[in-house]
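Participant: Here is what each chain is made of, one letter per residue.
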Amino acid sequence: EAGVAQSPRYKIIEKRQSVAFWCNPISGHATLYWYQQILGQGPKLLIQFQNNGVVDDSQLPKDRFSAERLKGVDSTLKIQPAKLEDSAVYLCASSLVRTVYEQYFGPGTRLTVT
Amino acid sequence: AQSVSQHNHHVILSEAASLELGCNYSYGGTVNLFWYVQYPGQHLQLLLKYFSGDPLVKGIKGFEAEFIKSKFSFNLRKPSVQWSDTAEYFCAVNAATGTASKLTFGTGTRLQVTL
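Note that the protein sequences, when read in sequence, are chains A and B. Under the numbering used here, residues 1 to 114 are what the first sequence spells out, in order. Under the numbering used here, residues 1001 to 1115 are what the second sequence spells out, in order.
Derived from the structure by calculation, the hints contain no laboratory data. We put the beta carbon where it would ideally sit given N, CA and C, even for glycine. Errors might be hidden in some of the hints.
Heads up, incomplete: computed chain A residues facing chain B, CB under 8 Å, no partners named [stated by the list, open to error]: (1) Q41; (2) D56; (3) F105; (4) G106.
Bound-form chain A, shown alone (with noise of 0.2 Å):
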């Protein structure tokens, strides 16, 4: 089967513009989860979608940060504006409801802010 699917896969911008992320999850999988992993550090979960319902978003910086999973298939994380500290990999993980906990995770995006 086809793993999760991420694109781009390297993307530099500037301070204060926008960038966004896409993602393809595994065929069937319903719930979908971004997260974002900052250099040297494990992965911190942002948004967690089951279908496209919101199941947990207490860590997205909403200020900045913005997801949608709207036909709950595939989905995009947008940041705007961005700033220096949000240099990081964001990955986007697919899983079955009923097993949350066993995820499948893409490549990941590597983004740098100038």
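Please arrange chain B on chain A, whose structure you already have, making use of the hints.
Facilitator: Chain B in isolation, oriented as in the chain A frame:
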């Protein structure tokens, strides 16, 4: 809130040496525990998991981990490492309560195996 500590940030071993990576978690309730691995240039992938039952869990590629509830620990072990085990290893915990529970990751341990 749950948290995970991995005290070894960078470990260098020779091939055939034994490995033990520490993982301690902080959470008062029932947990599910995981080790994920990220090989160079590859995605994060699940190495092994513990839900309940036998506290000694065996995973892929000869790895195992032991859940010691009294110590809040879930250390990863391998009796004899190979050069191909060079990777970053992440311990993760998930509160075993409902479908909204989330994975909390440790900061990771970078393992370098030399020939």
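Participant: Name the hints, by number, that the structure is in violation of.
Facilitator: Nothing - there is no hint that the structure violates, so all of them hold.
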